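Chemist: Each chain is listed here by its residues.
There are 2 protein chains.
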Amino acid sequence: MPASPIGPELQRLIDLLAKMPGLGPRSAKRAVLYLLKKREPVMRPLAFALDDVASKVTACSVCGNWDSIDPCAVCADVTRPQSVLCVVQDVADLWALERAGAHKGRYHVLGGLLSPLDGIGPDDLNIGGLVMRAGEEGVTEIVLALAATVDGQTTAHYLTEHLEGANVSVTRLSQGVPVGGELDYLDEGTLSAAMKTRRPV
Amino acid sequence: MPASPIGPELQRLIDLLAKMPGLGPRSAKRAVLYLLKKREPVMRPLAFALDDVASKVTACSVCGNWDSIDPCAVCADVTRPQSVLCVVQDVADLWALERAGAHKGRYHVLGGLLSPLDGIGPDDLNIGGLVMRAGEEGVTEIVLALAATVDGQTTAHYLTEHLEGANVSVTRLSQGVPVGGELDYLDEGTLSAAMKTRRPV
Numbered sequence: 161m162p163a164s165p166i167g168p169e170l171q172r173l174i175d176l177l178a179k180m181p182g183l184g185p186r187s188a189k190r191a192v193l194y195l196l197k198k199r200e201p202v203m204r205p206l207a208f209a210l211d212d213v214a215s216k217v218t219a220c221s222v223c224g225n226w227d228s229i230d231p232c233a234v235c236a237d238v239t240r241p242q243s244v245l246c247v248v249q250d251v252a253d254l255w256a257l258e259r260a261g262a263h264k265g266r267y268h269v270l271g272g273l274l275s276p277l278d279g280i281g282p283d284d285l286n287i288g289g290l291v292m293r294a295g296e297e298g299v300t301e302i303v304l305a306l307a308a309t310v311d312g313q314t315t316a317h318y319l320t321e322h323l324e325g326a327n328v329s330v331t332r333l334s335q336g337v338p339v340g341g342e343l344d345y346l347d348e349g350t351l352s353a354a355m356k357t358r359r360p361v
Numbered sequence: 161m162p163a164s165p166i167g168p169e170l171q172r173l174i175d176l177l178a179k180m181p182g183l184g185p186r187s188a189k190r191a192v193l194y195l196l197k198k199r200e201p202v203m204r205p206l207a208f209a210l211d212d213v214a215s216k217v218t219a220c221s222v223c224g225n226w227d228s229i230d231p232c233a234v235c236a237d238v239t240r241p242q243s244v245l246c247v248v249q250d251v252a253d254l255w256a257l258e259r260a261g262a263h264k265g266r267y268h269v270l271g272g273l274l275s276p277l278d279g280i281g282p283d284d285l286n287i288g289g290l291v292m293r294a295g296e297e298g299v300t301e302i303v304l305a306l307a308a309t310v311d312g313q314t315t316a317h318y319l320t321e322h323l324e325g326a327n328v329s330v331t332r333l334s335q336g337v338p339v340g341g342e343l344d345y346l347d348e349g350t351l352s353a354a355m356k357t358r359r360p361v
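Residue numbers (this note's numbering), protein chains in the order written: chain A, 161 to 361; chain B, 161 to 361.
Hints are computed from structural coordinates only; laboratory data are not their basis. Everything numeric in this text was worked out from a predicted model, so none of it was measured. Certain hints may be false.
It does not matter which identical chain is meant; a pair holds if it fits inside one copy or across any two.
Pairs of lysine-lysine, DSS-like flavour, derived with a Cα cap of 25 Å [stated by the list, open to error]: (1) Lys197 to Lys179; (2) Lys216 to Lys197; (3) Lys198 to Lys179.
Working from the sequences, and respecting the hints, build out all of it.
Modeler: Rendered as structure tokens:
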């Protein structure tokens, strides 16, 4: 058996890169070959940026967003209305709503969804913090921006029950035909939901 | 305009990751969110591995393969026959041939292909080193394992001419139907080439 053409340092880097979502063993190799040719402009800055983020970025103690300041930039932004609180499963969803400019208020990151099958219960999510924030002065509405899945609906039901004591209205994202979506390609559940909740033009 | 939910440290890391082949801005964000949850097992080791590779790995002075030792592990492997030298465009091709176990001898990495349109001439490639190695004692065959493209063929012609002085036979990879390939999906050029070079069963 001849020696591997890939040395131990390179192999370790390939193995670590291959763990990232969106990269597999082959694309990790391609990425390493690219990085070796871009050592100073990309590879060393990337090493530094990873270390920097690993050291500085923490979960915001108010909403759960990732940031190097605590409270995070979104919570610290006094121009944002404090009345509407948007509940999301994960930071990725917070970023997606911000990218869309869909929500002007503040957020609350649950850190997951209730999932009896996966053994994820209320204590694994940041629900206590949400109930506390819902009781804060000025908060009038909680928008549940959760996935339209079984786990998302289970979580929405649970949260709605536990927010009954707070003096807030609880809403959720509407369901229907995605913008730009063709009916022919939509599943029956979405079509039925869109028909049931049809609105005057 | 509200503040961005993504702080400057995170944004810089996302921008650097998005430069890698196989990752775009969206998958870079997903990768960062993954890394933040895997700080100690993946993120810090990745930062270290990048720095380590950037500092230690160089191009082998003999063949051009990337390794932390020079000559590289492939060139230093005395069990490999010295008679057949395989010429490849890039280190990625060397790794691909090794993965396939298709070549037992040593390699020579050109570092690209001749491409008049892109302004890549003979001086941009490691051709002098190849001609020198072709004249070494014991080398009897040079296999041109280059892409079956116009640039690959231009480069193969150029190399064949410049290797005429050396006492070696110059060969190239055969062209034809890929193993597992269906005829229906192959282009006309490949089909014609496979028909012209047909062999007895």
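Chemist: A separate judgement is required for each hint: does it hold in the structure or not?
Modeler: Hint-by-hint comparison with the structure:
Within a single copy, Lys197 and Lys179 get their C-alpha atoms as close as 22 Å, and across copies as close as 13 Å, so both meet the 25 Å cut-off. Only between protomers do Lys216 and Lys197 lie at most 25 Å apart by alpha-carbon distance; the minimum there is 14 Å, versus 29 Å within a single protomer. Taking the closest pair of Cα atoms, Lys198 and Lys179 come within 25 Å of each other both inside a single copy (21 Å) and across two copies (10 Å).
Of the hints listed earlier, there is not a single one the structure fails to meet.
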